[in-house]
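**Student:** One-letter residues, chain by chain:
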Amino acid sequence: MSGKTISFGQALNAALDDAMADDGNVMILGEDVADEQGGGVFKVSKGLSSKYGTSRVRSTPISEQAILGAAVGAAIIGMRPVAEIMLMNFITVAMDQLVNHAAKLRFMSGGQTNVPLVVRTTTGAGVGFGGQHSDMLEAWFAHVPGLKIATASNPADAYGLLRSAIDDEDPVILIENITHYGMTGPAPEAGYRVPLGKAAIAREGRDVTLVTYGRGVGDSLKAASLLADEGIAAEVIDLRTIAPWDEQAVFASVAKTKRAVIVHEAVRPFGAGAEISARIHEELFSDLLAPVQRVASYPSPVPFAKPLETAFLYSVDDIVRAAHATTDKAINS
Amino acid sequence: MNKSDSSHAFTPELARSIYRKAYLINRTDQRFRAMLTNGELAVAYYPVRGQEVTAAAAMSALQPEDYLVTTYRGLHDSLAKGIPSRLLWAEFAGKRTGTCKGKGGPMHITYPPTGVMVTTGIVGSGIPIANGLAMAAQIRGENRVAVASFGDGASNIGAFHEALNMASVWKLPVVFLCQNNQYAEHTTLAAGTSVTSIAERAAGYGMPGVSCDGLDPEMMYQTMAAAVARARAGDGPTLVEAHTYRLQGHIFGADYSYIPKEELKAAEERASMMRLRQRISERQVTESDLAQIEQEVDAEIEDAVAFALKSDPPDPDEIRFDIYETEQAA
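Listed in order, the protein sequences are those of chains L and S.
Okay, so the first sequence: first residue is 1 according to this note's numbering, each after it adds one.
Okay, so the second sequence: first residue is 334 according to this note's numbering, each after it adds one.
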């Protein structure tokens, strides 16, 4: 780290800038991404079209299928397109390009082509956007062999994951949280990489493992502080890559703590937590002192009104309670 | 590209080449259907009988390095764009020696050495992908053109409309080749499409739309060549509508009694290889030239069939590879 402070938005902008400077095949396309249209709705590509030109930084029509289709086509002949789909819910109108094409062309072509594209997309509840602008859909994509999904919990990781995603020879969906853009943290050195598929230990502990990613990391660290006050040492694992996820890091931690809680903003049923929980039970059943707990949002559409939105989102208290459930059960058994 | 290169003269050499491609497509389709009928192969197949000339003439307007994205009814396009018969047959038969190691099959043919970049089984999805190929060529300042080949049914799906608008806004070097074979699965053009000519739709996207008789080799070639030249010159996309005909059911073995008998008979006449042979022979192509082409193609197909049949299927362990660049734990 450089000793400076940087926001999520600045980190992502720097990653795009550095990647474009390093490789002429890197290009950006998406709605309003060029400076004439404001440099992206969340300003992540601000300044880049002025620096690299509107051939490589292209504002598009509101046409998600055409955006992702163009990214697929360019990627299979060696460009490194970074497509911005403003909000994750908008990917639903272009699922075909990701699920049927980006994910499968390497396999269906017998390895003759591959699709090194990046989709940057933002989402998240808590800012009053309601049902169609807030969903966390990572489990949909994690269920498709051929796709990779990553999300950062701090600006340095945002930089490092985006650089690694652009380097990667396969399609990567990078989820940004809408509440994160202004959040600051230590700035990474230029060229920093966070390897895909590698989790980080955000806090060490011996009593219970909190497995999480994205916004859940900050909330789990808060919960870990509260648990520490009670003498429970929680270890927080930041997956960083949701698919393919770092099973070995999670298994190593849970083998140590013998208790696990999975935390994510997405709704619980069939979420990423279900797969992670299942794998922990398959591998470490006899080591566990309690069933794995899951903390997730309420299975409704994301509501608009504040009291409802609050009722929808999991809370730090939910994480503490879930950790208690694993430790209480252990004590009772 | 200079003027002389972009002239679209229908030379005897070109006529011979188009006949060779059309005959190859016709006989490959026929042989493949025969093998499905007698049980030598059992795969889903979307026949191309009736559309041979359309693909043979249209693809003759392209350079080998030009890109093609086609669709599940794509055998004719794949052969016309130069995929070697052996590799295509082996892929159709699901063998490890096929273009895609048997992992793609007839609906998912890719062969970059001849520019066949994607064959999609999803109606209309290749059209935005062709834009991406063209966009890359544009950014790199290359002289390549991308072609999206699709049917009349695909012109009713959202991807078509999004892609044509984007291509026009960005003046992409792409040609949208709609092979209007009159049927979207079992539904006639009139029953499922709001216009009588697909080419009319180009006006909505500010690009030229041209209709031609896709069963007339010269007209098909010249229409396509003009659109390709326009794209290559940087003047943007064209929607080319080739009137052609699907002489079989949607998928091999399916009932197609919904096609009126008189209509089918007239189309069989228009799309017949005899008629093509006659037209080509009017272009200073001799009977012995034609006979030699037929003999060579027949031998090529028999060699390819033998190659496909004797090739091994993929090893089951092969499933682990080509999902990602590096194998992930399963």
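None of these hints come from the bench; they were simulated from the model.
Treat the hints with care, since some could be wrong.
To be verified - List of simulated lysine to aspartate or glutamate pairs, EDC-like, C-alpha gap at most 20 Å:
(1) S:Lys504 <-> L:Asp18
(2) L:Lys4 <-> L:Glu31
(3) L:Lys198 <-> S:Glu629
(4) L:Lys256 <-> L:Asp328
As the list claims (entries may be wrong) - Stretch-level coverage of chain S by chain L, calculated; a stretch enters the list once three of its residues show a Cβ under 8 Å from a Cβ in chain L:
(5) 376-386
(6) 425-435
(7) 455-462
(8) 495-507
(9) 584-594
(10) 604-610
Values in this document were obtained by computation on a predicted structure and should not be read as measured data.
All residues carry an ideal CB built from backbone N, CA and C; glycine is no exception.
**Student:** If a hint holds in the structure, say so; if it doesn't, say that too.
**Tutor:** Hint-by-hint comparison with the structure:
1. Distance hint between S:Lys504 and L:Asp18 is unfulfilled; the C-alpha atoms sit about 28 Å from each other, more than 20 Å.
2. Distance check on the hinted pair: L:Lys4 and L:Glu31 sit about 31 Å apart at the alpha-carbon level, beyond 20 Å; violated.
3. Pair hint L:Lys198 plus S:Glu629 does not hold up; C-alpha atoms about 56 Å apart against a cutoff of 20 Å.
4. Between L:Lys256 and L:Asp328 the alpha-carbon distance is near 18 Å, which keeps this suggested pair within the 20 Å criterion.
5. For a cut-off of 8 Å, the count of residues in the region 376-386 of chain S with a CB near a CB of chain L stands at 0, and the three-residue condition is violated.
6. A count of 5 residues in the region 425-435 of chain S with a Cβ less than 8 Å from any Cβ of chain L is obtained; the coverage claim is therefore met, three being the minimum.
7. Counting residues of the region 455-462 of chain S whose C-beta sits closer than 8 Å to any C-beta of chain L gives 5, which meets the bar of three, so the coverage hint holds.
8. By the rule of at least three residues with a Cβ nearer than 8 Å to a Cβ of chain L, the coverage given for the region 495-507 of chain S holds, with 6 such residues.
9. Against chain L, the region 584-594 of chain S contributes 0 residues with a C-beta closer than 8 Å to a partner C-beta. That does not satisfy the three-residue criterion, and the hint is violated.
10. Coverage of the region 604-610 of chain S by chain L is violated in this model, with 0 residues showing a Cβ closer than 8 Å to a Cβ of that chain against a need of three.
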